[in-house]
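> In the order they appear, the protein sequences are chains A and B. Per my numbering, the first sequence runs over residues 274 to 368. Per my numbering, the second sequence runs over residues 9 to 309.
By construction, these hints were calculated from the structure, which means they are not laboratory data. From the three backbone atoms N, C-alpha and C, an ideal C-beta is built for every residue, glycine too. Check each hint, because a few of them may be wrong.
[Unchecked claim] Not everything, but these chain A residues come out facing chain B in the computed CB check (under 8 Å):
1. 302
2. 304
3. 315
4. 339
5. 340
6. 358
7. 361
[As the list claims (entries may be wrong)] Partial list, computed: chain A residues near chain B (C-beta under 8 Å):
8. 305
9. 331
10. 333
11. 337
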Amino acid sequence: MESISRRSARSSARPDFRGARRGTPVKVILRNPRREVAVTGNRRVKDILRELEILPETVLVICGDDLITADHVVRDDATIELRPVMSGGSREDPL
Amino acid sequence: MKCRKCGEPAVLELRRHNAAFCAPDFLEFFRNQVREAIRKHRMFTKDELVLVAVSGGKDSLALWDVLIDEGYRTTGLYLDLGIFDYSVESKAKCERFAAARDVPLMVTAVRDEVGAPVPVIKDVTRRPPCSGCGLSKRYLMNRVALDHGIPVVATGHNLDDEAATLFGSVMHWQTDALPRQSPALASTHPKLVRRVKPLYRLSERETAAFAFLRKIDYIVEECPFAEGATSIAHKEILSRMEDASPGAKHNFLFGFLDRARPAFERAEAVALNECLRCGQVTTGTICAFCKLADQVKRRVS
C-alpha cells in the first residue's frame, strides 16, 4: 500500500538532506512554508517525489520556466520547485 | 512523455484521461473543458454581464483569463477579507491582473459590511474562520451582483473543490445540501442571482498548470486560516484515492451529478423568504449574515 501511505505536498517533505552525500544534489524548493531540501540527482521526477513522500497529483513540478513530467530525468545540480496545487477553506453552501 | 495530440514533448500528464499534453495543446484542452461546461449547463451567454468572484488564487484568475479570452463581458469582484498580509497581497494580484487586461474590478471589504475583518469574526463567533468567511462571501457576492444588475456570478470552484464538498456532504448525509451541489444553480428567487462554476470539469492541478503556463501571477501561499480546514482534509483523502486509482475523483463527482443528484433534487422543497433586516433571501426571518453582523457589532463596540 505504498501509494496510500504517501502524503500530499501540504504536510510532507521533511527538511533533511538524505541525498546530499553523493555528488552535487538537486535543490528542491517546497512551499507552504517555503523551504529547500536536497536530493540525489540523475533520477526521474517520480522517484524524487516518492523519496519525498509527495503525491504527484498534488504538485506542479517546475524546472526553470517549464513544467516537467514524472518521467523527466532531473540532472545533478538542477533546481526544481514542487508547487502545491491544493487550496481550500470555506465550504460551498449556496442558498 | 509525448503530447497525445501532436507528439511533441509533454509538459503535463493527466492520468485520469490517460493522456499528456504539450503546453499549447493543454491550454486548448483546458479552454475546451470550460466551453463544454458553459454550453452544457447554459451558464451564461455573451450578451450577459458575468460577475467573476476573484480571490487572487489560481482558480479564479484562470477562470477570469479564459472568460476574457473567450469574449465574455466580465467584471471582477474581490472580497477583501482583511486577513493580514495575505489579503493585501491577494488584492494586489487581482488589481494587477485587471489593470493588465483593462477589465473592471470591484472591491468590497468584509470589514465595512460585517463590522470587522475575518480574523476578528473568528474570535467573536468562536467558530472556525472558514465559517464566517464562507457565509460573508456567499452573501456579498449575491448582493453585489443584485446591486449592479448582474444576472450571474461565476466562481473558480474546480473538480477537486466539488468532489471534496460532495465527500463532506455524503460523510454526514447532509441530504439538504446534496441537491444544491451543482455546476449551475438557477435563480430560484428574484433576489438570488445564478451561480455557476465553469471550472468544475478541471482538476486543481490542471487549473494550476493553466495559470502557470499563462504566466498568471497568482498567490501561491495559502490562506493562513486554511490549515486544518475540514475541506483540506477531505481533499487529501481524495488525492490518495486518486493516486491509487486515477479518475476516482472524476467518477465520484460526475457519477453523483449524472445519476444520484436528481433523486435528492426531487425531495427538496425549501421555502425562501426575504430577511426582515436587509431584504436578502433567507429560509428564516433574519438572515445568517445579519445575525453574524449583529453579533460582531455587539462584541466589537
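> Given a cut of 8 Å on the nearest C-beta pair, is the interface hint for residue 315(A) held or broken against chain B?
Violated, about 18 Å.
> Is the interface hint for residue 305(A) satisfied, with its Cβ closer than 8 Å to some Cβ of chain B?
With Cβ-Cβ at 5 Å, under 8 Å, it holds.
> A closest beta-carbon separation below 8 Å is what the hint needs, so does residue 358(A) meet it against chain B?
holds (4 Å)
> Using the nearest Cβ pair, does residue 337(A) come within less than 8 Å of chain B?
With a minimum Cβ separation of about 12 Å from chain B (threshold 8 Å), the hint on residue 337(A) is violated.
> Mind checking the CB of residue 339(A) against every CB in chain B and telling me if the closest is under 8 Å?
With a minimum Cβ separation of about 7 Å from chain B (threshold 8 Å), the hint on residue 339(A) holds.
> Identify whether the interface hint at residue 304(A) stands, where standing means a beta carbon of chain B within less than 8 Å of its own.
This interface hint holds because 6 Å falls under the 8 Å limit.
> Hint residue 302(A) vs chain B: min CB-CB distance below 8 Å?
violated (11 Å)
> Holds or violated: is there a CB of chain B closer than 8 Å to the CB of residue 340(A)?
holds (4 Å)
> With a cut-off of 8 Å, does the beta carbon of residue 333(A) approach a beta carbon of chain B closely enough for the hint to hold?
This hint holds: residue 333(A) lies near chain B, its Cβ roughly 5 Å from the closest one there, short of 8 Å.
> Go through the hint on residue 361(A) and say holds or violated, using the shortest Cβ distance to chain B against 8 Å.
Holds. Min distance 4 Å.
> Can we keep the residue 331(A) interface hint, with Cβ of chain B closer than 8 Å?
The hint holds - residue 331(A) has a Cβ within 8 Å of chain B, the shortest such distance being about 5 Å.
Checked against the numbered hints given earlier, this structure breaks hints 1, 3, 11; the rest are met.
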